[in-house]
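Novice: Please work from the sequences and hints to get the whole structure.
Using our numbering, count along the sequence shown one by one with no gaps and you end on 251.
Take these hints with a grain of salt, some might be off.
Below, computed lysine to aspartate or glutamate pairings styled on DMTMM-like, alpha-carbon distance capped at 25 Å [to be verified]:
#1 K110 - E128
#2 K179 - E128
#3 K186 - E157
#4 K186 - E241
#5 K243 - D213
#6 K175 - D200
#7 K136 - D185
#8 K60 - E85
#9 K243 - E214
#10 K191 - E214
#11 K158 - E85
#12 K78 - E58
#13 K175 - D185
#14 K82 - D94
#15 K203 - E229
#16 K60 - E109
The set of hints was computed from the structure by calculation and includes no laboratory data.
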Amino acid sequence: MKKRDSTITKIPDIKLKQRIVILLGIINVLLAACYFVLTYYAVRTVQVDGNKHYSAEEIKAMVMTGYLGDNSLYLSLKYKNKGIEGVPFVETMDVVVQSNDTIRITVYEKALAGYVQYLGRYMYFDNEGVVVESSKVTTKGIPQVTGLEFDHVVLYEKLPVENSRIFQNILTITKLLNKYNVLCDKIQFDKNYNVMLGYDGVKVNIGALENLDEKLMQLPQILPSLAGEKGTLDLQNYTAERKSVTFEKGK
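Specialist: Next comes the structure, spelled out in C-alpha cells:
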C-alpha cells in the first residue's frame, strides 16, 4: 500500500494558472485603456475668450489644475454644468470641450467702471458704484476716478458719496471712451463735477458733460498727434457749431 502511494504524481493546479492568465489579461486591458484615455484625450489646443484682467496662460493655469488637468475627458466631467467662480475680477468661467484635444474657456469678467485708492488698496467698483474687488494692483483699461469724497469703503457695498448720480456720469463717460477706443488712465471730477481725463502726460479738459459725445469723438484724431507731449488739451467749450480746441504745453 505504501509502495503504491509513492508512485502518485502531483497534478498541476490548472485553475490557478487560468486565474493568473485572466488577471494579467484584465491588467493589460486596463493599462491599454488608461494609455488610450491619457493620449487620445490629451489637450493640445486651448482657446480663451473674454479675458482682459488675466492673460490666457493665467486662465489656463486656473482651469487646468491637478494631474489630469490637461485631459479633456476629465475636464468635461469636472466642469459639467458648473462654472468656475471665486476668481478675483471674474464673475464666472465656462469650460467647453470642443473635441478630444481642444477646449474653450470663456471668461465673464465683472463689469468694472473704475477704481479709487483707499488705505493703500485699489477699490474697484461697478456701474452702480458697488465695490466689487479690492486689489494691490491696477488693471489695464480701468480708469482711476478721483475727486470723489467718502469716509469709508466696504466691499460689496456702494461707495458712500454725496451725489450717487456721479456713477451714471462715469458710466456714460466710459461707454463713449470704449465706443471711440480712447480709454483713459484717469477720470477726475472737481467740486462742480466738471471732468478732466488723463492720458499719460496729457490731460483732456472736458468740463461739463454737455456735448460729451461731440467732445470725445475728437480724441481719436487728436491724441495720436500728442504722443510724448505733456500739457492740457482743452475741449470744454467744444460744440458741433463751435469747434474750439486748444492745447497748452506743460500744464
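Novice: Now tell me if each hint is right for this structure.
Specialist: Results of checking the hints against the structure:
1. K110 - E128: holds (12 Å)
2. K179 - E128: Roughly 20 Å between the alpha carbons, so the hint for K179 and E128 holds.
3. K186 - E157: holds (22 Å)
4. K186 - E241: violated (28 Å)
5. K243 - D213: Distance of about 13 Å is within 25 Å: holds.
6. K175 - D200: holds (20 Å)
7. K136 - D185: At roughly 17 Å apart (the allowed maximum being 25 Å), D185 and K136 satisfy the hint.
8. K60 - E85: Status holds; Cα separation ~14 Å.
9. K243 - E214: Measuring from Cα to Cα gives roughly 10 Å; hence the hint holds.
10. K191 - E214: Holds - the C-alpha atoms of E214 and K191 are around 23 Å apart, at most 25 Å.
11. K158 - E85: Roughly 22 Å separates the two Cα atoms, so the pair holds.
12. K78 - E58: holds (19 Å)
13. K175 - D185: Given that 25 Å is the threshold and the Cα spacing comes to 14 Å, the pair holds.
14. K82 - D94: Holds, at about 7 Å.
15. K203 - E229: holds (10 Å)
16. K60 - E109: holds (15 Å)
Of the numbered hints stated above, the single one contradicted by the structure is hint 4.
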